[in-house]
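**Q** What follows is each chain in one-letter form.
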Amino acid sequence: MPALHLENITKRYGKLKAVDNLSLEVRDGELLTLLGPSGCGKTTVLRCVSGFVRPDNGQIYLGERKITEIPPEKRGIGLVFQNYALWPHMTVFQNLAFGLQIKKLSKDEIKQKAEQALTLVQLGGLEDRFPRQLSGGQQQRVALARALVLEPEILLLDEPLSNLDALLREQMRFEIAQIHQHAGITTIYVTHDQTEAMVISDRIAVLEKGRIMQLGTPREIYSKPVNKFVAGFMGTTHFIPGRVENVANEYVVVTTQEGLTFTGRGHGLEKGQEVDVAIRPESIRFMSPGEVTAALREPNLYEAEVVRASYVGELIDYQLKIKNHLIRAKGEVGSAHALNDRMVIKLDPDQLAVLSR
Amino acid sequence: MPAKRVLVITAEIALLVLVFLIIIGPMMSLFIWSVAHRWYWPNTLPQEVGFEYWKQALGMRTSLAIGAISIIPAFLLSLSIAVVVVIICMLIAIPAGYALAKYRIPFGAVIMFLFLMPNAFPQQPIFVNLLHIFTRWGLSGTVQGVVLVHILVGLVFGVWITSATFRSIPNYLEEAARSVGASRLYTFFHITLPLAAPGLLASSVFVFIASLDEFTGTFFIGLPFVSTLPMTLYSSSGYNMQFASVIAIILLIPSILFMTLIQRVLRAEYVGGMG
Chain A
1 MPALHLENIT
11 KRYGKLKAVD
21 NLSLEVRDGE
31 LLTLLGPSGC
41 GKTTVLRCVS
51 GFVRPDNGQI
61 YLGERKITEI
71 PPEKRGIGLV
81 FQNYALWPHM
91 TVFQNLAFGL
101 QIKKLSKDEI
111 KQKAEQALTL
121 VQLGGLEDRF
131 PRQLSGGQQQ
141 RVALARALVL
151 EPEILLLDEP
161 LSNLDALLRE
171 QMRFEIAQIH
181 QHAGITTIYV
191 THDQTEAMVI
201 SDRIAVLEKG
211 RIMQLGTPRE
221 IYSKPVNKFV
231 AGFMGTTHFI
241 PGRVENVANE
251 YVVVTTQEGL
261 TFTGRGHGLE
271 KGQEVDVAIR
281 PESIRFMSPG
291 EVTAALREPN
301 LYEAEVVRAS
311 YVGELIDYQL
321 KIKNHLIRAK
331 GEVGSAHALN
341 DRMVIKLDPD
351 QLAVLSR
Chain B
358 MPAKRVLVIT
368 AEIALLVLVF
378 LIIIGPMMSL
388 FIWSVAHRWY
398 WPNTLPQEVG
408 FEYWKQALGM
418 RTSLAIGAIS
428 IIPAFLLSLS
438 IAVVVVIICM
448 LIAIPAGYAL
458 AKYRIPFGAV
468 IMFLFLMPNA
478 FPQQPIFVNL
488 LHIFTRWGLS
498 GTVQGVVLVH
508 ILVGLVFGVW
518 ITSATFRSIP
528 NYLEEAARSV
538 GASRLYTFFH
548 ITLPLAAPGL
558 LASSVFVFIA
568 SLDEFTGTFF
578 IGLPFVSTLP
588 MTLYSSSGYN
598 MQFASVIAII
608 LLIPSILFMT
618 LIQRVLRAEY
628 VGGMG
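Chains A and B supply the protein sequences, listed in that same order.
One point on numbering: in the numbering used here, the residue at position 296 of the first sequence is 296, and numbering is uninterrupted.
One gets the numbering used here by counting positions in the second sequence from 1 and adding 357 to each.
Hint data in this document are derived by calculation from the structure and do not stem from the laboratory.
One thing to keep in mind: the hints can contain errors.
To be verified - Quick list of in silico lysine-lysine cross-link-like pairs, DSSO-like style, CA-CA up to 30 Å:
#1 A:K74 / A:K107
#2 A:K66 / B:K361
#3 B:K459 / A:K17
#4 A:K103 / B:K459
#5 A:K66 / A:K17
#6 A:K74 / B:K361
Model the full structure from these sequences, guided by the hints.
**A** Have a look at this one:
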């Protein structure tokens with residue numbers, strides 16, 4: 001029994017289909033991320049689950065209950081907003097107690113649960129502060145505590161870290177993952193940040209134009225993208241168009257217009273098919289002259305010229321030119337290459353994805 | 358340079374005096390008149406001063422002078438009408454303002470515009486016409502008629518300010534309440550209303566003062582039986598300047614009090630408001 005089941009959900013705004021016949025099953029206790037660019041429909045899907053948007057078609061099931069027609073306050077969900085949505089005229093404690101008072105719990109129970117929730121998010125002692133007296137990160141934790149204190153069946157988070165600065169965002173990612181582990185609650189997380197998604201998720205659903213492009217674990221999504229969109233959205237990807245020359249098991253040989261030959265991984269491709277080769281920086285290795293001689297018979301060796309070298313602290317960000325293609329690569333600071341340097345690079349066939357056009 | 362500083366200071370003083378004359382000047386005349394017993398031209402200040410007219414106005418001293426009546430009854434009538442008008446106006450304006458702010462009402466912009474109309478046209482033509490209608494309905498010369506006129510005038514402030522107030526409360530605050538189990542009504546009373554309170558208070562105050570000071574409509578509809586404070590002021594202003602000044606000052610007091618209150622309350626709202 002999945003914790004949440006979305007069945008053929010469609011939502012139109014005028015002529016635009018924000019959500020297009022989308023079906024999804026969320027497993028009990030997992031953290032599933034809806035990942036995609038602005039306008040892909042991820043927030044609309046979340047608002048359908050929370051009940052603030054009525055889908056035009058389709059049904060939503062929470063466990064065994066059909067909740068499509070039920071108003072938000074009766075769904076038993078926990079919701080964390082991008083802008084925290086803490087009530088400014090109430091203290092932190094009152095913010096947490098609000099939902100518990102509606103449930104008509106006793107004063108002692110309310111106090112106990114509120115304190116527990118604050119400890120879980122590491123904000124013990126701040127019960128009597130007002131939201132305006134807290135930092136952004138603290139406010140977000142209160143928002144999380146407020147959602148968790150009611151022990152909902154499912155927790156929904158709508159880009160909760162987008163309003164925080166970069167450093168804090170990185171920190172909070174791990175904390176949210178930890179809290180999820182601890183609480184064990186089924187969670188749907190919405191974000192446009194692919195690194196965030198990969199760090200915290202059990203599974204990721206990549207969305208575009210209201211449809212799920214790919215559903216899988218972070219590893220599957222990153223290293224085995226099913227189409228150009230998913231490949232381009234994750235990591236830094238450069239696409240080189242070409243045609244299939246040969247297919248051997250999972251490996252595909254592709255030739256391009258400029259006479260380059262790539263060997264990579266692909267599925268369901270035929271000889272002569274138009275494809276794109278997806279190249280990511282981590283697949284590129286700089287070869288020393290000695291290594292080149294030893295590897296002469298191996299595939300994916302190319303002559304490259306450094307067009308740009310940017311120092312980024314922990315590494316050097318390069319732009320390399322192969323024939324007329326510019327691709328990004330990363331290198332160690334110690335063995336830095338200078339502008340206009342020429343060298344041989346090797347692309348790892350296992351990390352090259354070949355996708356149909 | 359000393360010369361420049363002298364120039365700057367002189368300019369500042371001149372500006373201050375100008376402001377004083379423009380803003381306080383007319384008021385000063387009012388205050389002086391209210392305590393003048395005898396004041397004939399060409400004296401710049403009254404020959405005799407005292408609180409005689411104040412005592413007459415407050416009903417503490419009777420006089421046979423024309424128009425020198427106790428204004429207490431008119432004052433109490435104005436106050437009671439204002440209170441009733443505020444209650445009815447807010448009962449309409451709060452739900453209306455909320456609906457216009459939060460929901461996409463068909464022709465919503467037109468409706469808002471309609472609420473603005475009574476104040477956009479010249480008042481006499483409107484009220485003369487209203488007098489015809491009210492006479493037919495038996496409302497002319499009655500307190501009910503006057504109350505209706507004041508509501509008409511007050512709804513402009515009422516609806517516009519309440520809808521702006523509700524619009525300033527972000528939807529996500531209400532959604533957050535519903536996500537923890539609060540019904541729409543519960544959310545309205547526990548989240549929306551407390552946050553909207555300063556704006557709603559301001560709206561009530563504007564309606565109150567509009568009703569207290571309302572003259573043209575009250576004049577057309579209320580005469581000859583209903584006499585509010587502004588009408589008493591009108592009656593005495595031609596020939597009994599001292600009396601009129603007393604009434605004018607009494608009418609000013611609620612306005613000044615409430616404006617100070619609004620200023621305090623609204624500032625607190627910005628401080629304690631959205632995050």
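**Q** When the hints from earlier in the document are held up against this structure, which numbers fail?
**A** Numbers 2, 6 - these are the hints that the structure violates, sorted from lowest upward.
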